[in-house]
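Novice: We have chain A already, so just place chains B, C and D on it with the hints.
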Amino acid sequence: MSEVIKIPELSQLEKGRSLTQDALARLRKNRMAMLGLYFLLALIVIALLTPWIAPYSYEEQNLELGASPPSAQHWLGTDILGRDQLTRIMYGSRISLAVGFIATAVALTIGVLWGAIAGFVGGRTDAVMMRIVDALYALPFTIFIILLTVVFGSSLLLLFLAIGAVEWLTMARIVRGQVLAIKRQEFVEAAISMGLSPARIVSRHLIPNVLGPVIVYTTLTIPSVILLESFLSFLGLGIQPPASSWGSLIASGVEVMEEYVWLLFFPGLILTITLFSLNFLGDGLRDALDPRASRD
Amino acid sequence: MTSEALLSVENLRVVFNTRNGQTVAVEDLSFSINRGDVLGIVGESGSGKSVACYSLLGLIPMPPGKIESGRALFNGQDLLSLPENEMRKIRAHKIAMIFQDPMTCLNPYMRIADQLMEVLLVHTAINKQQARAKAIEVLVEVGIQNAAERIDQYPHQFSGGMRQRVMIAMALLAEPELLIADEPTTALDVTVQAQILSLIKNLQRKRQLTVIFITHDLGVAAQMANHVLVMEKGKLVEQGDTQSIFKNPTQPYTKKLLSAVLTTAKPASEHSVDYKRPPLLEVKDLEVGFPAYTGTLFQRIKSVVKGVDHVSINLYEGEVLGLVGESGSGKSTLGRSIIRLIDSQAGEIVFNGKDLSTITGESLKNARREFQMIFQDPYASLNPRMTVFDTLAEPLLVHGLANKSTVLEQVNQLMDDVGLDRRFIRKYPHEFSGGQRQRIAIARAIALKPKLIIADEPVSALDVTIRAQILALLLKLTQKHKLTMLFISHDMSVVRYLCDRIVVMQKGKVVEEGITESLFAAPQQSYTQQLLAAIPKL
Amino acid sequence: MFMFIVRRVLQAIPVLFMVSLVTFIMIRSAPGGPFDEDRAVPPEVIKNLNERYHLDDPLWKQFLDYIANVVQGDLGPSFKYPSHTVNDLIAAGLPATLELSFYALIFALVTGLTAGIIASLKTNSMQDYIPMSAAMVGICMPTFVLGPILLLVFGIWLDWLPVAGWGEIPGDKILPSITLGSVYAAYIARISRGGMLDILSQDYIRTARAKGLSTSRIVFVHALRGGITPVISFLGPAIAGLLAGSFVVESIFQIPGLGRFYVTAAFNRDYTMILGCTIFFAFLIILFNLLADIVLVWLNPKLRQELEARG
Amino acid sequence: MHAIRWLMICVMAAGLLSGCGKSQKLVDIGNEQQILHIANGDEISDLDPQVTTGMPESRVQAALFEGLVARDPKTLKVVPGVAERWDISEDGTKYRFYIRENAKWSNGDDLTANDFVQSWRRSFLPALGNQYATSLYVVKNGQAFHEGKIGFEDVGVKAFDKKILDVELIAPTPYFLQLLAHHSAFALHIPTIEKFGAIDERGTKWTRPENFVGNGPFIPVEWIPTKYIAVKRNPYYWDAANVKLNEIRFYPIPKYTVEERMFRAGQLHITYYLPRDKLEYYKAKNDGVLRSFQNFATYFYRFNTTIKPLNDLRVRKALAYSVNRHQIVEYVTKFGQKPAYALTAPDPNSYVPEAKMPYDPDLARKLLAEAGFPEGKGFPTLTIAFNTNDEHRNVAMAIQQMWKKELGIEVSLENVEWKVFLDRERQMDYEIDRASWVGDYLDPFTFLEMFTTGNGNNKTGFASTEYDSLIRASALEADPEQRMFYFQKADKILVDEVPILPLYTYHWNRLVSKSVKNWYDNPMDYYSFKQIYLE
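Residue numbers (my numbering), protein chains in the order written: chain A, 1 to 296; chain B, 1 to 538; chain C, 1 to 311; chain D, 1 to 535.
These aren't lab readings, by the way, just hints derived from the structure by calculation. All the given hints hold, so there is nothing to weed out.
Quick partial rundown of chain A residues pointing at chain B, CB under 8 Å, derived from the structure: (1) Phe187; (2) Ser193; (3) His205; (4) Asn209.
In this text, a Cβ means the ideal position worked out from N, Cα and C, and glycines have one as well.
Bound-form chain A, shown alone (with noise of 0.2 Å):
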């Protein structure tokens, strides 16, 4: 955060620890937080290596096998199409991580935007953008989605488009609590007294300070928008064939959970445990990040 001066006899400087640096500092304090950070970590890491590591190929068939419990070839089993289900799985987490993260983005760049904005002009301006947020709750948006998706066909950019679009409001509305809370602190009107320009204080000294309760927030979205696409794909709105994802996995896995539980058991395990490292990861960001803390 500090500009990079070079100091001479910066040997002797006392370095000070910036909030950030003590809020991972409590972080790593945090077991079940890392435990999930490291998970989350690992499974980027396979899921972007999984072209070059995965068992076999994610559409390769094998009609005559159909769906077998695990095995020795198989570990997790293979689908009613004679698949292996541990690669469908690595692939799918690809697909699932994509839309979780981007379509997360999508939501964090409109909304913070969106409320910092509105949060820091305030007066008509604010009301105004706050109505046509509240307008935009007004839709029944699950069923918004799948009027989307059935309009113009169901591509994963519009997938990531439309589920930011669900996400974003709520995002907005906490920037702009927050950025509500910090205008009134008085080293912004310290900043506006010091002469400096709006965009300046905006960046220098708003944003850095509302980003505790968005990373958080943001956290805690991820598993929402992954439960959405699983949801979507539910519908049959999800992504294209032969490509997986988990949702798609576990929708078709429990149209057959009575004869090849596996093939809800696994994807469903995978995203659980994935949607748990989130949650737990987002309690130890709010704890680390909760300013309260950072007095003591």
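Specialist: Leaving out everything else, chains B, C and D in the frame of chain A:
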């Protein structure tokens, strides 16, 4: 004074297990208090004086808090070893408490009546009607007008002082033997403080109450207690009866505390203000009335607060002008509107010949470097995510008073000025104490070498000793840099120490103004007299 | 208070208009029409049908006519179900959907609040961890997974409860309500825990303890009111979610609710039905948000007074 | 607050208790009271036989109406319906129907020949938008009247007297009687219709149970959309004495998994279909509830013959010959389907196509090479489009793999939402797409007519004058042998020209409770409910 001790605490040790390891809040504390006595426990924040008393009633959160050792004999039974359900019978019934901040200590969701009556209903066997009657009676006793109706109101409908009276009433309802008052007036205005103090004193006399009075203000302690206990960092420093402690303190810390109590006038400085020359700042019947938005989740609720109406003041070069008044008197509004943090409706603000109230945009931005502000809350007034260096460098760089090569030197210079170690410039605000933060804030204010500084209650959030240091610093700086300062405060003693001239405001109007000492000598307005009377004397 | 409600209702009108316009544009930009079928329909027949339903008018005219009718409370005829008007269908489907959402909500509140409060009182103990982990599972478990699993266990294996229907066989409302409610139960548990923890750290709770009150009294008399306010403000969105999400449960449990119409309408290009439902749902959501806010005000004396002050 | 919480808890508790213990079985109650609970696929859109087009509707209508003729559910042979007998002229163009004296409407009115005349007139009225109007074009001047060129008096359907109906056709149409069993040819009670709106107005309230008047064995009593439509026996039905069921409840259940669960939990007598993955289980169980039978329907892929490279016959052949249908039905669809090597679905007791599309990967590779794509080199990536559905998806993925393996070509898959799919198909905006055809009546014509030039259902760009003339000839031909000969040649042309890629003949599996008697499954999935009973 009867001799047997109502409460005697022995070797109390309380620790807190926080994220960053264990901290000892109270270390081997022993004291006792006799029936009918008033014991004042004095110390700065963090001295463990509150914790000690909370632990008596088992009110410290455990965990993280933990009472490691000690006994507290109250009427022969050891409070510290009582089980929770036994302890409940003691609370409020035998030992009652008054807390520091009346604004947060009453349940906003319950009517005063219910909050008062439940004390009686849980501790004594009387029915609702009687309880209500008793409650009203006590409310009257603590000086709440037409208590009969007000008892059915909610806390937010009471002013701070009134709420503290309600708290007192609540404490006295069940007629406890011991009353513990934890900084009961710190959050209140001086005049209100005076009222509350006298109220407590009267009640104490009338009811022969035994009181433990916790405060950081020696003046208050001297006024209330007949026996004083000085604490520092959880340890007992010194104790004795009030007279002896204050007349001839033995411990250096006690001395330090005493010296922090401001009784002196402003020391004469070599340069004196020249009132002949045209004033640096001329405020001509300024009027600031702004709609206050109580932001609720549906609709911002509008209510017009008359901040400042038709105020005119002059401020001369090199002068330190004290602006005195209670909260809501509009003094802060005046200060903020002068430097255009708030827009004024009418009147002019002539600064160096040009009218600030009209200029905007770039010219305003440039004008801003001429006047700076020091805020009340050192925690809120520094951006928690910027290092000291960034905080101090920012204005210099923005206004081009320094370039990347020279900025470091200037920043270091500022650090020296405000008496902070140069080594700290890479640290973040939350790593400093309140006093140090306020120094940083001051440094930021003087960084731009402004012609005018507006200091809004810069010391009211600080402990006595720190306050003294900061005031000393301000005094030094004003004289060194020949600063012109508008010093806003509610505390006469502080103002007296620092200011050449004083303007007294009440309800947005200027009621009196004059040269400090003459005003102290002969206050004209009754309101001014109240303010002066409110200063606790040693 | 009254004025406040009126203002909110007025605000709702432009919102509803926006909603219907957006929806109208969307569905009309969708390829395919209500009368396309697997069997090629003779063009002349299509032509006749379009005339019959004024689908040959210019779009803006169609929209304005539609709005005009809506204002008079007529949502128009359904294309897919010719002998029913949209009003008929909503009237037919709404009760089930509302009832379902209501039971789900009650389930969510009861279990959620209980769990949340207990957890908040016993932080970092088993009574905290267990319900909270359960809550997290609940949040993770999509309804379309939970539903079939519950059905399999209680409907088929244990054979305790019917696997489908609504109000035909006693007990057939239990599983759907639980399925739909569980996610929100989980959220409410987390939220109420947070809210309670906030309140319990307040000074006035310390005051209450200093008064020597029992824990139960402190919790229920002093803390609860403040503690559940975040839950209340969550209820608005929650109900919206319940209504919109109900159709999954409806299709899993064969419930004659509005949600199923709504979704199938999208697939059938049943223009009037989609619009009608969207507007109607939007209306409901606004309504319930309003109710939630009113409760919020009612719970908070300060706000209550401020509003009453303004008539 | 406390109180409220307790109240809630009580509510839930009460709910739970009421539910616990064994839930009572609708099926058992039904068996006692002769109430049939039957799943009926999608929600029915309406009851008006001249407006609806779907299977679910036709099933309900089969219970509410009766045409001039009916079909024997066992053999699908035409049997007398409202008409107890009929005469046909030698040239097979003139029909005379003798309507039963005791045929009545459900409100007691007498059912007359004129009712049919008026009903058929209605079915031609443009504003009604009857999608089956064209199927009665075989009636003299039917088309002309439908297009508004002439008045109805010239149309070849007349009431000779109260109970005798004369029909004149443009050509001998051997399947005409089959047509009459179709719901679009039923008689409607015109007075009732006019009571609730113009005669040619769609979707008036006359089809509501409270207003409905029909001539079938049952009449509707309760219609709750997405819940069920309930029909009770009609006392005025001429054969009411032999109707055994008191009530039938048709449940609209779009999800097969749901109805299968309901069947298992004893809430349904008859399911509409069966989830594919359940078949093995019920086969193994073998307790006689599983009904498995072939459909008069074909599953095939369309090639868009108007675009490169599919306009090259060799490419189409290559693609067609390299598909292993056996594998698909055996391992992918797994539902008892039979591989189809020609368009027309086989009908054992009349027509089985002789032409066969070969499975010959080597030949396929050779053809592809000749077409300029040796080992699939340079072959553009075609797209198989199909509407969103697991089965279509799996079949497509299997074929994708086969073509990759045998021909070394890549194709991409795209699942498209139904209406979008139809829209694109109509505009020929596809390369390869999934299609299926269900026969309207038991005659090859219903399939083969599809690929005549410019036919609305052709959608492949395939055009062959020879083919067209064959189909036309078959329509004018009275001699059955000769007609079948024409059909064989037509099927042969399709196999040679490969505008389509037949994959398999549909197969139906459903669950029927053992307590249901006289329920026969047949390739047309046609049902008459009058003789069904429960025990």
